[in-house]
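Asker: Sequence:
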Amino acid sequence: MLYCKQSFKPKGGALMAAQQPKRPRFLSGSTARRIITYLVMILLAVAILWILSQIKWIFRPFQQFFAIVGAPIILAGVFYYLLNPIVDWLDRRFKIRRSWSIIGLFILVGGLLAWGLVALIPVLQEQISSLVKNWPHYWDSLLNSSQSFWQDANFKWGRDLLNQYDSQLEKSMSGLIKNTAFSTVGGISSVVGSITTALIALVTFPFLLWYMLRDGRQFPKAVARFLPDRLQPSFLKVLNEMNNQVANYIRGQLTVAFFVALMFYVGYLIIGLKFALVLGIVAGLLNLIPYLGSFLAMVPAVVIGIFISPWMLVKVLIVFIIEQTIEGRLISPLVLGQSLKIHPVTIIIVLLASGKIFGVLGVIFGVPGYAILKVIGSHLYQYWRAQSRWYQSSTNGDDV
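Number 489 in the working numbering belongs to position 12 of the sequence shown; there are no gaps in the numbering.
In case anyone wonders, no lab produced these hints; they're calculated from the structure.
Treat the hints with caution; some may be incorrect.
[As the list claims (entries may be wrong)] Cross-link-like lysine-lysine pairs, in silico, DSS-like; alpha carbons within 27 Å at most: (1) Lys818 to Lys833; (2) Lys698 to Lys851; (3) Lys714 to Lys698; (4) Lys751 to Lys698; (5) Lys818 to Lys851; (6) Lys610 to Lys751; (7) Lys851 to Lys833; (8) Lys698 to Lys572; (9) Lys833 to Lys610; (10) Lys714 to Lys610; (11) Lys851 to Lys714.
[Claimed, not checked] Estimated spans, in silico, between C-beta atoms of each pair: (12) Lys572 to Ile783: 54 to 64 Å; (13) Leu850 to Leu608: 36 to 46 Å; (14) Val791 to Gln531: 46 to 56 Å; (15) Ala596 to Leu762: 17 to 27 Å; (16) Ser786 to Ile519: 49 to 59 Å; (17) Asp565 to Thr514: 35 to 45 Å; (18) Ile519 to Ala591: 45 to 55 Å; (19) Ile853 to Gln541: 58 to 68 Å; (20) Arg574 to Ile545: 29 to 39 Å; (21) Leu516 to Phe583: 46 to 56 Å.
All of these numbers come straight from a predicted model, not from anything done at the bench.
For each residue, glycine too, the CB sits at the ideal point set by N, CA and C.
Whenever a hint applies, use it, and build me the whole structure from the sequences.
Answerer: So, in structure tokens, the structure goes:
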């Protein structure tokens with residue numbers, strides 16, 4: 478009996494371990510390390526943004542340089558991602574030299590662009606002229622309708638409030654008119670400079686595109702030679718992922734924009750809305766802005782539909798609903814899919830921030846720029862995680 482009592486007597490260490498309360502899951506070592514890591518990354522990001530805001534003058538020469546060469550580089554880059562798969566396919570399938578393939582594509586694309594301009598410019602010119610001519614009438618009708626609502630007795634409090642600020646509003650408007658008058662000369666010079674920059678971009682981007690299509694495959698290896706041998710595979714992997722992200726985004730967005738323009742154009746033609754071609758092209762261009770472009774494109778169509786007839790407005794909204802359904806359920810999943818793997822809320826935040834900082838170009842190129850930074854940040858994080866002792870397996874049994 479004594480032997481049985483001793484055999485079932487727990488050891489001291491086991492008894493102490495049983496008496497100790499189990500540490501909650503959220504206080505495990507790996508969770509604590511993740512929280513600390515995220516906090517450090519957030520603090521570093523805030524610190525970097527603050528430092529950059531204090532030394533903005535350093536980047537002014539780069540901004541001026543990019544303002545000159547940025548447009549042809551961006552234009553050549555867009556055409557590169559559109560044409561490079563065709564050049565690679567001709568080289569791989571038919572063993573055609575890249576130079577001959579590029580020349581043939583230049584002739585084909587140039588011919589299609591020339592044919593499109595010749596066919597579309599007269600129609601566009603007519604519709605744009607008519608839209609510009611009739612737009613004041615549409616806008617005046619909108620103001621008259623708004624004024625009739627404003628004169629209602631229910632809005633008396635609003636009219637009284639507005640009368641209190643009439644003098645301040647008049648002073649503000651007079652100051653705005655003076656500032657506008659003084660800035661007219663600067664505005665004209667800015668327009669002339671923009672036209673000059675556009676002409677330079679149109680002339681130079683074909684040469685950049687030629688060399689990008691011909692020698693683009695050697696660029697990553699040429700850059701990797703400046704790095705140590707042990708870093709070259711990782712560097713090439715990062716460049717390849719960045720290239721795939723940008724390529725998928727540009728090809729996907731342009732394809733979706735084309736189908737959006739086509740659907741709006743056909744829909745407006747079916748319902749008999751004026752300026753169908755112009756509104757369709759505008760819708761396609763604005764669709765390059767993710768999630769917001771289609772809604773922005775609806776504004777002129779809705780305004781025109783309101784003043785044609787209430788039934789026309791209903792038909793415009795029906796076209797919009799059908800287009801959004803087809804785009805969201807069929808075209809975007811097939812073309813884009815989950816190639817970027819970016820949450821919609823993140824995309825909207827990126828659009829707002831990049832648009833505020835870089836303007837229209839920021840809205841258009843903010844998402845692919847974020848995708849590139851995401852790839853770089855992801856690989857840096859993986860490298861740091863592999864090297865950091867915080868993520869090494871510990872001896873106390875914490876889950877990693």
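Asker: Determine for every hint whether it applies to the structure shown.
Answerer: Hints and how they fare:
{"no.": "1", "hint": "Lys818 to Lys833", "result": "holds, 24 Å"}
{"no.": "2", "hint": "Lys698 to Lys851", "result": "holds, 22 Å"}
{"no.": "3", "hint": "Lys714 to Lys698", "result": "holds, 11 Å"}
{"no.": "4", "hint": "Lys751 to Lys698", "result": "violated, 53 Å"}
{"no.": "5", "hint": "Lys818 to Lys851", "result": "holds, 10 Å"}
{"no.": "6", "hint": "Lys610 to Lys751", "result": "holds, 13 Å"}
{"no.": "7", "hint": "Lys851 to Lys833", "result": "holds, 20 Å"}
{"no.": "8", "hint": "Lys698 to Lys572", "result": "holds, 23 Å"}
{"no.": "9", "hint": "Lys833 to Lys610", "result": "violated, 32 Å"}
{"no.": "10", "hint": "Lys714 to Lys610", "result": "violated, 55 Å"}
{"no.": "11", "hint": "Lys851 to Lys714", "result": "holds, 14 Å"}
{"no.": "12", "hint": "Lys572 to Ile783: 54 to 64 Å", "result": "holds, 59 Å"}
{"no.": "13", "hint": "Leu850 to Leu608: 36 to 46 Å", "result": "holds, 40 Å"}
{"no.": "14", "hint": "Val791 to Gln531: 46 to 56 Å", "result": "holds, 54 Å"}
{"no.": "15", "hint": "Ala596 to Leu762: 17 to 27 Å", "result": "holds, 18 Å"}
{"no.": "16", "hint": "Ser786 to Ile519: 49 to 59 Å", "result": "holds, 54 Å"}
{"no.": "17", "hint": "Asp565 to Thr514: 35 to 45 Å", "result": "holds, 40 Å"}
{"no.": "18", "hint": "Ile519 to Ala591: 45 to 55 Å", "result": "holds, 52 Å"}
{"no.": "19", "hint": "Ile853 to Gln541: 58 to 68 Å", "result": "violated, 26 Å"}
{"no.": "20", "hint": "Arg574 to Ile545: 29 to 39 Å", "result": "holds, 33 Å"}
{"no.": "21", "hint": "Leu516 to Phe583: 46 to 56 Å", "result": "holds, 53 Å"}
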